[in-house]
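Asks: Here is what each chain is made of, one letter per residue.
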Amino acid sequence: NAGVTQTPKFQVLKTGQSMTLQCAQDMNHNSMYWYRQDPGMGLRLIYYSASEGTTDKGEVPNGYNVSRLNKREFSLRLESAAPSQTSVYFCASRRRQGGSNQPQHFGDGTRLSIL
Amino acid sequence: GQQLNQSPQSMFIQEGEDVSMNCTSSSIFNTWLWYKQDPGEGPVLLIALYKAGELTSNGRLTAQFGITRKDSFLNISASIPSDVGIYFCAGPHAGNNRKLIWGLGTSLAVNP
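Chains as they are written, first to last, in our numbering: chain W, 3 to 117; chain P, 901 to 1012.
With the rest of the complex left out, here is chain P (with noise of 0.2 angstroms):
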């Protein structure tokens, strides 16, 4: 079946360095989304691609959709103590795309 692999699991790193995180499949998709997880909350939607080739940004994060559409990549420049959280990719089931896909997350600290 269908499925998105996450790296890197987690990730350590100083405030003001620039991270970079991925998410891969052998299936297509033709939507990507990335979500944000606070500790306690639910998942926040940060950005959506619909597009191949697509490059999207939101702020100080920036997403692009994979021109193969087998993977999307997420940058987070000159981070911030509050971007720690989990970050999630998620796409469409092919079969039904009123369900998602879900990958298993980057889980990022940032030390201030």
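Next up, chain W with everything else stripped away, as it sits in the complex (with noise of 0.2 angstroms):
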């Protein structure tokens, strides 16, 4: 039960080149996410899915799109790449069930430098 795969688990990217992180899950949930994650910054959202789609914003797309490929799949883009979004990005899905709190299961991340 492979869960949340991402892909690539690292890349080097060098200023204003593209890049598509590829995320896919087999639990057969509704919502999917991508955030980022750097020191001292915790947890932050980028896009979000909730569910086939649709996608929205979350507190710092600037710089990304998302495409919801299907069910399984959340692609994240970056255009054209920035030293500051040199970052770990993590996917996340979770299962919709009526109006409760469900949890969120996370990928292992790509950790992509920008230079």
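In short, the hints are calculated from the structure, not lab data. As the structure is a computational prediction, the values presented were derived from the model and not from experiment. Misleading hints may appear alongside valid ones.
[As the list claims (entries may be wrong)] DSS-like, lysine-lysine: derived pairs with alpha carbons at most 30 angstroms apart:
(1) P:LYS999 - P:LYS951
(2) W:LYS11 - W:LYS59
(3) W:LYS73 - P:LYS999
(4) P:LYS999 - P:LYS970
(5) W:LYS59 - P:LYS970
(6) W:LYS11 - P:LYS999
(7) W:LYS59 - P:LYS999
[Stated by the list, open to error] Covered stretches of chain P, as calculated for chain W (at least 3 residues, CB under 8 angstroms):
(8) 936–950
(9) 993–1000
(10) 1003–1012
[To be verified] So these bits of chain W aren't anywhere near chain P, every CB distance computed over 10 angstroms:
(11) THR17
(12) GLN24
(13) LEU80
Idealized CB from N, CA, C, for every residue including glycine.
Dock the two chains into a complex; use the hints.
Replies: Okay, structure coming up:
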């Protein structure tokens, strides 16, 4: 049972290059999320997708785009990478069950460095 | 806006000691989630709390949902080296429970 799978695990880019981070979940979850984690800043939400076909901005969406390709996959794109986007990126998914607050399940992250 | 304040920010303890950390807010939460993040990995859910006053255990870990609904506590008994990591609390955003509010974490180091 793979859970949430992120690819790649590591990537180095030059300023201005573009890149797509991939995320797939095999738990049949409705909602998917992209976070970035920086030292001392905790987890900050970039974008999320409450269900297939919808996407919404989180706290720090500038410089990113997302695509909910199908129920399993949610990708994050950097169109023109900047050094400020150097971070660890986490994808998460969550089952929607009525009005209850089901917890999110995380992948192992993509470590992205932009030079 | 909603915020979660975790304390302490970091802890360095001896193996075998008990650990206590907490998460507080000026806002009411109806769910508290405790996650652990091992170095180089993503956060993993430890305990979920859904009812004020609830006390839930997971092995050596025990978490409580505060009566005021503005705080939660996590205790680890008889710590071992693999307890090392960052512990996060989280709770649903008041206006949109599809999103979570996160604390900044408590970093735990255990000296064998």
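Asks: Now tell me if each hint is right for this structure.
Replies: Now the hints, each set against the structure:
| no. | hint | verdict |
| --- | --- | --- |
| 1 | P:LYS999 - P:LYS951 | holds (19 angstroms) |
| 2 | W:LYS11 - W:LYS59 | holds (24 angstroms) |
| 3 | W:LYS73 - P:LYS999 | holds (18 angstroms) |
| 4 | P:LYS999 - P:LYS970 | holds (18 angstroms) |
| 5 | W:LYS59 - P:LYS970 | holds (27 angstroms) |
| 6 | W:LYS11 - P:LYS999 | holds (25 angstroms) |
| 7 | W:LYS59 - P:LYS999 | holds (11 angstroms) |
| 8 | 936–950 | holds (count 8) |
| 9 | 993–1000 | holds (count 4) |
| 10 | 1003–1012 | holds (count 3) |
| 11 | THR17 | holds (26 angstroms) |
| 12 | GLN24 | holds (15 angstroms) |
| 13 | LEU80 | holds (20 angstroms) |
Consistency with the previously given hints is maintained throughout, with no hint failing.
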